[in-house]
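For reference, the chains in residue letters:
Number of protein chains: 2
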Amino acid sequence: MAEYKDLDRKVIKLGKQVVRMCTEAGSGHPSSGLSLVHLTTALMYRVMRYDPKNPWNDASDRLVLSAGHAVPVVYAAYCDLGGVVGWPERPSELRFDDAMSLRDADSVLDGHPNPAIGFPFFDAATGSLGQGVSVAAGLAAAARVDGLDRRFFCICGDGESREGQVWEALDFLVDHKLTNVRVIFNCNKQGQSDYVSEQQSAETLARKAEAFGLEVKVIDGHNWDEVFDALTAEAGDKPMVIVAKTVKGWGVNELQSADSHGKPLKEESLEQAMADLDARAAELGVAELEDTPAVELTTPEPSGKSTDGPVSAGSFSEAIAAVGLDADLEKKGKLATRRAYGAALAALGADERVVALDGDVQNSTFASYFAKKYPERYFEARIAEQNMVSAAAGVSAAGKIPFISSFAKFLVRGYDQLEMAAITNANIKLCGSHAGVSLAADGPSQMGLPDLGYMRAFAHAARQDGVSAIRVMLPSDAVSAFKLTELMANVDGLCYMRTHRPDVPVIYEEDTEFFEGGFNHLIDGEDLCIVASGYMVHEARRAVDVLEKKAGLSASLVDAYSLPLKTDEILRIGDDCRGQILVIEDNYVGGVGDEIAAAAATSDLGVMVRRMYVRDIPKSAKTPEGTLKMVGLTADDIAKAAQQVFDQSEA
Amino acid sequence: MAEYKDLDRKVIKLGKQVVRMCTEAGSGHPSSGLSLVHLTTALMYRVMRYDPKNPWNDASDRLVLSAGHAVPVVYAAYCDLGGVVGWPERPSELRFDDAMSLRDADSVLDGHPNPAIGFPFFDAATGSLGQGVSVAAGLAAAARVDGLDRRFFCICGDGESREGQVWEALDFLVDHKLTNVRVIFNCNKQGQSDYVSEQQSAETLARKAEAFGLEVKVIDGHNWDEVFDALTAEAGDKPMVIVAKTVKGWGVNELQSADSHGKPLKEESLEQAMADLDARAAELGVAELEDTPAVELTTPEPSGKSTDGPVSAGSFSEAIAAVGLDADLEKKGKLATRRAYGAALAALGADERVVALDGDVQNSTFASYFAKKYPERYFEARIAEQNMVSAAAGVSAAGKIPFISSFAKFLVRGYDQLEMAAITNANIKLCGSHAGVSLAADGPSQMGLPDLGYMRAFAHAARQDGVSAIRVMLPSDAVSAFKLTELMANVDGLCYMRTHRPDVPVIYEEDTEFFEGGFNHLIDGEDLCIVASGYMVHEARRAVDVLEKKAGLSASLVDAYSLPLKTDEILRIGDDCRGQILVIEDNYVGGVGDEIAAAAATSDLGVMVRRMYVRDIPKSAKTPEGTLKMVGLTADDIAKAAQQVFDQSEA
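Quick mapping for you: the protein sequence lines, in order, are chains A and B.
Under my numbering, the first residue of the first sequence is numbered 31, with each subsequent residue one higher.
Under my numbering, the first residue of the second sequence is numbered 31, with each subsequent residue one higher.
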């Protein structure tokens, strides 16, 4: 077929480069790359509507390489195309030979796709498998919100399709009729340790995808006609899955063996590999053909939309009134932090950048206020948290500000996806509701308890720009929940907020300001300093009362509402309180207590830090007081511990 | 149909009790329970081969209630049956009225199924959705190993089936032909916040399950003939899925509304609910019928197998030789901890209780040694970590000792499942390979970095018996990896071990003993104390050399290989080293450094603790040295920091 000669020539060129660059790197997955050489070439040189010179064009089609390990073929093509990398303010153009820098410490060609280090062709870091379809779905959701006619191609491995998240993502595509996503299953039959299961064969995948309600095309992934027909077929009513049968290690004999996954050729095998590909070129009749750019691309106009500028939630009382909570608050003098989150989210929705997703618990997290007001910007993700987190990464990559919510316990389901979003520098705001033990009656299967240990790990891991990979917000009352929700919308990057089930008193004036890393010194005392967060601030306040009334002790109380925390200032308060700090948390170890203790252990002040946290796996009790009692965290428990701390400091 | 009259009578009785007990508790999910009243009654009074008086019978059929929130109906039935709860050494028999203790702080009837608090009818804590099919699959895998003819019924909600893990589990069932599992999808059409998606309708679920290769029966879940036909149908070549169409809130009008999920009736609605059910009884012609036990159960003989006693891996050198690593070790003087794990696992396999699972990376984690030697006890879980973790919980519930392995990074995928296993007190041993940054070239998408923050949260959360919910093992060399693998097999409960990719020198004699919470004081010095773990022990050893040679400083070196750690003893070593400790880790914050710093902050010794850990999201580099340099953790970086610590202590 004459019309593909230049592409055949290109495939040989890229194939050789893929083999060479992995050998040069001493690692990488050349066989996976080769299985995709035709599909990638078709997409990147012909099908996608984009401009390799402007990867920031927000109206472009995009490729999500879910099978991240196959990335050398994309790098080879992008270098061949002179693609631009870096940042808008300091772009740089790749040359063909730059591909050989694969995996170098100072190369943007990371081992797996990684936009955050300056490879903006990609929207998401991939490599932990099974997440790409969700990212593409999120990009598509955002494109619908923006009214942009963009297409999203996602390449997913056959073995990779074992990940349940892939099927969550297909459900999401069908639910939301995201027909501008085209999922390509690369069926090269080989996984890492073995051939893939019959459950992941091309035939079974086709059958499964059809049952999930998608349109399915099964093709030979090395046949140009079939490849182009499938990639350019008009989108119908259903999202489309292309099941592409490919050859792992296409064109290179040594790379076709079952144990060649993730192994580069040794230096001494290179010559034979080149000869294999030359022989392929001869078979294809392109051995003598000059390499041409072979590019036939159309470039869409950028949308011109700005994604900059602050987002406002307005005033607390107006936002609360807008969702009908004012009367309730007035009557009870109390409001749950989760309701205030919902009110803030609904208020922030006035800005079109704000998008929300929730996992079938919007009536518990109170994302419902937003969903009702802005249904076109609310994407119900159902009971599938992994997909929800990765989809939010896609929404974020499109310049939106996605808020996602579920029970703190259930968000754990998406922790790996969250880490990939952190690597990506995605701009997602998570709200984990029903955190801690105050959920009570439902028991430990619904309680968010190890979340602070995990999130704090990221609070002290810096992105390339020095910003915390995840910032943690721990509101104690409705005002702080409201303000911190607004704060999250206005900082770039991942944020995690904990909210709680029970109604709690409002302790802040509505004009109180809240800051990253901040805390509030609520009560000034001198005998010891109690630091609490979230729900526990209320128990701690009662404890301060008890201490004063029963023991005549004057305790300071600090509401530490954010991580990473300004620990220096808290240590100084502790220093003023006879050098004694007692930290109270309703989670497992690893949160605010460790934050302050670790600072104390490097400080010359000699402040002592005791920690009260959840030290036992809880069970159900009918009331928050019941579970707090069970884990030793009631106001009385705190007062008792504080008294001991004081007595020891006296001794 | 006369033959079901006693069961119809029972269903009315149980239905009333479900409604009452949730109202009494003030929370719970009566409507979900009612949708299952016929299926539960059929299973618990007729179909299951078990003895409510001996829930520890290891040859019994079992029910896994994946839709854990529906548990009140199971409790009601089990109380009606006089089922036994507690522990083998102190069993107690429930009475019908005990159901009213639902969710009490001192009741074994927890908000969601929770065997660990003394409800041995269940094998796994459920309630975080989508995990039960995997648990049933693990139970079935163990039954095959033991040659036991047991059946496992798993009830999963329709909305719940959105969780990708459910589909991972179905793949696993088909892969391993686990035909003794019967999955029941309870299609009551309602989720929490809305009706379920069309993607989770009975029709779509049937189509999907068929495409996944299962035999599918669609039934009316309130029709006795259909229920019994499906539950008792002979198992064929394929595992079976029963798609049961049910009515949420069956029998009680008020509980059939779309917003009734998870809401108990108010006290004042009880009378009408009882009247509704009485009317149902009248329709069924059983209003006047006496309640009978209605039980027709057969009880299998317990297997008589013992699950007690120590497990031995034998000697290090023999185990290494048995997998052909001896020559390699001899030649290089080095061996990767992941290989030693594999060798230990293969050696432990001599004990039939040991079972292994891996997620398509057995040739990287070296579970391959076991897989080759004991294929009948190796279950390849493919690229689906969530299912792997929950399946291991099932294997553990059958009295086996499951070891599961994948990259530390990919195990994050199963953290929620791991937490459910922790709540269950499951006896799973996890090995996360390629931990830290020494993986290097593949980049951050493959590196285990926040794992210690998460695991340490559980290291300080106690089970009912006071044992740490997760014990963490951090081997630094092949001998310690080997010994700690053996240690994990011999302690009851969840353990997590980190192994690393690179070969490292062997630093321990093969008769060294290792203990829970232990550490080794490798080098005795006096100017400061360096504490390191895992791979970093080798960098720290080099740093100690540098300090001695370049600065004439004498540093102590401690290998802290286990969490929770005996910090008191380490603080004393620090105290002897001018009160200065420097902790080195190749993970994000939240691990050994925080462990020691937190202890120092409550200690009177006044020891200072500085922490070096991964403070930046890394990227690829070609060598471990390259990534260590990137994150400031080379031997030279450590030596430099140690020098500063020393200088400050002098100042």
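Hints in this document: simulated from the structure, not taken from any laboratory.
Incorrect hints may appear among the rest.
The list treats identical chains as one, so a pair stands whether inside a single copy or across any two.
As the list claims (entries may be wrong) - Distance condition first, Cα-Cα at most 30 Å in a straight line; then the derived DSS-like pairs of lysine-lysine:
{"no.": "1", "residue 1": "Lys219", "residue 2": "Lys403"}
{"no.": "2", "residue 1": "Lys596", "residue 2": "Lys670"}
{"no.": "3", "residue 1": "Lys46", "residue 2": "Lys579"}
{"no.": "4", "residue 1": "Lys403", "residue 2": "Lys652"}
{"no.": "5", "residue 1": "Lys83", "residue 2": "Lys35"}
{"no.": "6", "residue 1": "Lys335", "residue 2": "Lys83"}
{"no.": "7", "residue 1": "Lys219", "residue 2": "Lys580"}
**Study point:** Homomeric proximity label, Lys219 with Lys580: Cα distance no greater than 30 Å
**Key:** For Lys219 and Lys580, the Cα distance exceeds 30 Å both inside one copy (72 Å) and across copies (55 Å).
Review point. How would you label the pair Lys596, Lys670 (within, between, both, or neither) given a Cα cut-off of 30 Å?
Key: Answer is both; intra-copy 27 Å and inter-copy 26 Å each pass.
Practice item. First find the shortest C-alpha distance between Lys219 and Lys403 inside one copy, then the shortest across copies, and answer within, between, both or neither for a cut-off of 30 Å. Key: Cα proximity of Lys219 and Lys403: across copies only (25 Å, versus 47 Å in one copy).
**Study point:** 30 Å Cα threshold - placement of Lys83 relative to Lys335
**Key:** within (19 Å within a copy, 68 Å between copies)
Review point. Is it within, between, both, or neither for Lys46 and Lys579, if the alpha carbons may be no more than 30 Å apart?
Key: neither (80 Å within a copy, 49 Å between copies)
**Study point:** Within, between, both or neither, where Lys403 and Lys652 count as close if Cα-Cα is 30 Å or less
**Key:** Close neither inside one copy (34 Å) nor across copies (51 Å); limit 30 Å.
Review point. Given identical chains, is Lys83 near Lys35, meaning Cα to Cα at most 30 Å, within a copy, between copies, both, or neither?
Key: within (25 Å within a copy, 76 Å between copies)
Hints 3, 4 and 7 from the list above are not met by this structure, while the remaining hints are.
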